[in-house]
Amino acid sequence: MNNKIEAAMSELVPEPRQKPAVPMKPVGINSNLLGYIGIDTIIEQMRKKTMKTGFDFNIMVVGQSGLGKSTLVNTLFKSQVSRKSSGWNREEKIPKTVEIKAIGHVIEEGGVKMKLTVIDTPGFGDQINNENCWEPIEKYINEQYEKFLKEEVNIARKKRIPDTRVHCCLYFISPTGHSLRPLDLEFMKHLSKVVNIIPVIAKADTMTLEEKTEFKQRVRKELEVNGIEFYPQKEFDEDLEDKTENDKIRQESMPFAVVGSDKEYQVNGKRILGRKTPWGVIEVENLNHCEFALLRDFVIRTHLQDLKEVTHNIHYETYRAKRLNDNGGLPPVTTETEENHESNL
Amino acid sequence: QHKRSGECQNDNCRPLSLSGHVGFDSLPDQLVNKSINQGFCFNILCIGETGIGKSTLIDTLFNTSFDDRVSTHFQPNVRLRAQTYELQESNVRLKLTIVNTVGFGDQINKEDSYQPIVDYIDAQFEAYLQEELKIKRSLYNYHDTRIHVCLYFISPTGHSLKTLDLLTMKNLDSKVNIIPVIAKADTISKTELQKFKIKLMSELVNNGVQIYQFPTDDETISKINATMNGHLPFAVVGSMEEMKVGNKMVKARQYPWGIVQVENENHCDFVKLREMLICTNMEDLREQTHARHYELYRRCKLEEMGFRDTGPENKPVSLQETYEAKRHEFFGELQRKEEEMRQMFVQRVKEKEAILKEAERELQAKFEHLKRLHQEERMKLEEKRKLLEDDMIAFNKRKAATELLQAQAFASTPSVSLKKDKDRKK
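Chains as they are written, first to last, in the numbering used here: chain P, 1 to 345; chain U, 1 to 426.
So that you can see chain P by itself, here it is in the shape it has in the complex (with noise of 0.2 Å):
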């Protein structure tokens, strides 16, 4: 029962304060192991591993108001995780800028843990004017890779940093039927190079199916023409298999035209979650009625931890070389410690 692989050797010789050996190529030919030793135990052990620690998830919304923002993510999670601006009273006033609003929750769903942060960003596109109303968008997310960078860099790390990054972008565009707007274009252009943006088309439920798809058609032109490579990126499919997948996303549902609702109606005799109207009631999940439901597999099910692997892997490694090739383009980071630095090294 021996099984002969055959293998060619590499030397190593180790030389008094050597240059870093270089990785061998591996080699021997695949073998499949004759006998159960258990190599495939550690799936199970790094997922035990894995349920442990915990995960982070941190998703940014954006888009005018009244879009149902808000509604939408609370409908994806099935809790609170946002709270809706109750519309603007007379004395509440819409903010002059963007604000940025970061809130964090924990939910625990099969034993995994995860901590969600949902980051609204009210005020979006709302003034008369909204040049570069994208611009503390920008900043709020450079941010976050900057302070992932800087623990990243220290001598001292901590043993996870803690990843306020932000993995997914919801950019909620009007349904008004007819293509997108300039602003929309706008900021697409400038955010899809540096966060993983989905654009959704909101309140679809305004529009019927024809005009969807001809509206999601135009949509996917446009972006097209303009340059947009929204998530999932064409250049970040890994293998054949992905790209099939993601090809078959990319150019028939998306973007993808949700309904959202944290009400629950009675429909046949079941509980479901949908909007009461005159005409009858639109349920959510109801891939017939709205395709809530492929926005919630695609960013919660299946592409979740693509989702953060992109994030990570690519846009803040892009953030990083840019940082530390002299601060190519980069504004420069202000810190206390800047009026009374000496070089200590």
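Please keep in mind that the hints were generated in silico from the structure rather than gathered at the bench. Here a beta-carbon is modelled for each residue, glycine too, at the ideal position from N, C-alpha and C. One or more of the hints may lead you astray.
Said to hold, decoys possible - Simulated pairs of lysine to aspartate or glutamate, EDC-like, Cα-Cα distance not exceeding 20 Å:
(1) U:399 x U:389
(2) P:52 x U:218
(3) U:34 x P:242
(4) P:48 x U:29
(5) U:162 x U:106
(6) U:301 x P:151
(7) P:48 x U:25
(8) P:52 x U:219
(9) P:150 x U:295
(10) U:34 x P:238
(11) P:78 x U:25
(12) P:248 x P:214
(13) U:136 x P:317
(14) U:34 x P:235
(15) U:95 x P:40
(16) P:221 x P:247
(17) U:170 x U:295
(18) U:34 x P:241
(19) P:113 x U:217
(20) U:136 x P:151
(21) U:357 x U:368
(22) U:34 x P:309
(23) U:136 x P:152
(24) P:159 x U:218
(25) P:159 x U:303
(26) P:159 x U:287
(27) U:34 x P:237
(28) U:272 x P:40
(29) P:49 x U:217
(30) P:158 x U:287
(31) P:158 x U:303
(32) U:162 x U:192
As the list claims (entries may be wrong) - One-sided excerpt, in silico: chain U residues whose CB lies under 7 Å from chain P:
(33) 15
(34) 16
(35) 25
(36) 28
(37) 32
(38) 90
(39) 94
(40) 136
Given chain P, work out where chain U should sit, using these hints.
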């Protein structure tokens, strides 16, 4: 594997209950699937004397014959030999690297025996650190060569640890997870083995050697891990030969007095080792290597290079400042070196010029001298020639005069004088 942030119970985070199934309980699966796609790395370092059974044990652990080469006892110094293999079990692909010490314990002077091992381990940390410090880096598909576990093979003397063992382990315990094993355990009887294990463990403890402890924080495995911790060091026997025992074929070693079965827990601790190393704690070994040993190396290395987290007044140094300062220093150094080189170059050029000038002068002097000599010679020759010419003219004159006289004399006395002339001429 990037760092995942935990600490779900944060100061400003309220727990919230869900009113329905959201679906993020699939998150561990999503994460695990990604890891499966990428494959796993596991790197084992085996330290032990030549012939102690390192290769055989690894073969037995992974149930494959990896390498047939047997080493000699006459290596001048300790070397390390690393080989990487790709193994697969169900859908898990493992890149297994086995690093063996060659010639360990064979030298007459073993003072430096542990150093190549320390250097090797550091080199792998260094390679990772270099990658991590790069501006454009790709950590997520980096082939991790850092040693995750070190199996230290102790000779089954039955007495105590060798000095070399203590020295080596002491130098390695802060760099790698050490699991000591008693090799060729079939040469010790059961009672001797118990005493031996106790002696070994107390020696390790007394000398402050930190070996790897199987973790006991996870309730599902804490009990078995705690038990196993008590069985250390594992007494192992390795063999790839199969023998029929009862009605099964088992891995064993056959002696005239009986058959030692590798996978029989009454005969040796092989199964325990395999269980602990592979089935229960492989992931923890990897994590400890990254989170503890590597971080320590990194911290020491960066401090050595002059990086600090806090400035002179204990104020935190910002990243930008650190990099700026380092860059400044680096460029300053560069400029200084450049200046030095330039100075040296100028100096050399001057020297060369001086030498050349000197040579030129000498040459010139020689030339002048020769010229002078030549002139003198010429003049002398001129004089001589003149003299000679004068002589010739004088001679020609006399000749002409004599011939004239002769002609006159000949004309007056023709025949007699002719004869007389002839005689006279003679």
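We went through each hint and held it up to the structure:
Simply put, residue 399 of chain U and residue 389 of chain U have alpha-carbon atoms about 15 Å apart, close enough for the 20 Å limit, and the pair holds. This hinted pair checks out: residue 52 of chain P and residue 218 of chain U have alpha carbons roughly 9 Å apart, not beyond 20 Å. Between the alpha carbons of residue 34 of chain U and residue 242 of chain P the distance comes to roughly 12 Å, so the proposed pair stays at or under 20 Å and holds. Between the alpha carbons of residue 48 of chain P and residue 29 of chain U the distance comes to roughly 11 Å, so the proposed pair stays at or under 20 Å and holds.
For the suggested pair residue 162 of chain U and residue 106 of chain U, the alpha carbons sit about 13 Å apart, so the restraint of at most 20 Å is met. Annotation: proposed proximity of residue 301 of chain U to residue 151 of chain P holds, straight-line Cα distance about 17 Å (limit 20 Å). Distance check on the hinted pair: residue 48 of chain P and residue 25 of chain U sit about 13 Å apart at the alpha-carbon level, within 20 Å; holds. For the suggested pair residue 52 of chain P and residue 219 of chain U, the alpha carbons sit about 11 Å apart, so the restraint of at most 20 Å is met.
A distance of roughly 16 Å separates the Cα atoms of residue 150 of chain P and residue 295 of chain U; the hinted pair therefore holds under the 20 Å criterion. Between residue 34 of chain U and residue 238 of chain P the CA atoms are separated by roughly 11 Å; this keeps the pair inside 20 Å, and the hint holds. Between residue 78 of chain P and residue 25 of chain U the alpha-carbon distance is near 14 Å, which keeps this suggested pair within the 20 Å criterion. With a C-alpha separation of about 17 Å, the suggested pairing of residue 248 of chain P with residue 214 of chain P holds against the 20 Å cut-off.
Between residue 136 of chain U and residue 317 of chain P the alpha-carbon distance is near 8 Å, which keeps this suggested pair within the 20 Å criterion. Simply put, residue 34 of chain U and residue 235 of chain P have alpha-carbon atoms about 18 Å apart, close enough for the 20 Å limit, and the pair holds. For the given pair, residue 95 of chain U sits about 13 Å from residue 40 of chain P by alpha-carbon distance, which is consistent with the 20 Å threshold. Using a Cα cut-off of 20 Å, the hinted pair residue 221 of chain P and residue 247 of chain P holds, with the two alpha carbons roughly 15 Å apart.
A distance of roughly 19 Å separates the Cα atoms of residue 170 of chain U and residue 295 of chain U; the hinted pair therefore holds under the 20 Å criterion. With a C-alpha separation of about 13 Å, the suggested pairing of residue 34 of chain U with residue 241 of chain P holds against the 20 Å cut-off. Between residue 113 of chain P and residue 217 of chain U the CA atoms are separated by roughly 18 Å; this keeps the pair inside 20 Å, and the hint holds. Restraint check for residue 136 of chain U and residue 151 of chain P: satisfied, since their Cα atoms lie roughly 18 Å apart, inside the 20 Å limit.
For the suggested pair residue 357 of chain U and residue 368 of chain U, the alpha carbons sit about 16 Å apart, so the restraint of at most 20 Å is met. Straight-line distance between C-alpha atoms of residue 34 of chain U and residue 309 of chain P comes to about 10 Å, which keeps the hinted pair within the 20 Å bound. Proposed proximity of residue 136 of chain U and residue 152 of chain P is supported: the alpha carbons are some 15 Å apart, at most 20 Å. With a C-alpha separation of about 18 Å, the suggested pair residue 159 of chain P and residue 218 of chain U falls inside the 20 Å cut-off, and the hint holds.
Note on residue 159 of chain P and residue 303 of chain U: the hinted pairing holds, with a Cα-Cα distance of about 18 Å set against a maximum of 20 Å. Straight-line distance between C-alpha atoms of residue 159 of chain P and residue 287 of chain U comes to about 11 Å, which keeps the hinted pair within the 20 Å bound. Between the alpha carbons of residue 34 of chain U and residue 237 of chain P the distance comes to roughly 13 Å, so the proposed pair stays at or under 20 Å and holds. Simply put, residue 272 of chain U and residue 40 of chain P have alpha-carbon atoms about 17 Å apart, close enough for the 20 Å limit, and the pair holds.
At roughly 11 Å between alpha-carbon atoms, residue 49 of chain P and residue 217 of chain U fall within 20 Å of each other, so this suggested pair holds. Note on residue 158 of chain P and residue 287 of chain U: the hinted pairing holds, with a Cα-Cα distance of about 14 Å set against a maximum of 20 Å. The straight-line distance between the Cα atoms of residue 158 of chain P and residue 303 of chain U is roughly 16 Å, inside the 20 Å bound, and the hint therefore holds. Restraint check for residue 162 of chain U and residue 192 of chain U: satisfied, since their Cα atoms lie roughly 17 Å apart, inside the 20 Å limit.
For residue 15 of chain U, the interface hint holds, since its Cβ comes within 7 Å of a Cβ in chain P; the closest pair sits about 5 Å apart. Proximity of residue 16 of chain U to chain P holds as hinted, the smallest CB-CB distance being about 4 Å (cut-off 7 Å). With its C-beta approaching chain P no nearer than about 3 Å, residue 25 of chain U sits inside the 7 Å limit, and its interface hint holds. Interface hint status for residue 28 of chain U: upheld, as the beta-carbon distance to the closest one in chain P is roughly 5 Å, under 7 Å.
Against a cut-off of 7 Å between C-beta atoms, the interface hint on residue 32 of chain U holds, since the closest Cβ of chain P lies about 5 Å away. At about 5 Å, the closest approach between the beta carbon of residue 90 of chain U and any beta carbon in chain P falls short of 7 Å, and the interface hint on this residue holds. Because the beta carbon of residue 94 of chain U sits about 5 Å from the nearest beta carbon in chain P, less than 7 Å, this interface hint is met. Below 7 Å, beta-carbon pairs count as interface contacts, and residue 136 of chain U has one with chain P at about 5 Å; its hint therefore holds.
Checked against the numbered hints given earlier, the structure satisfies every one of them.
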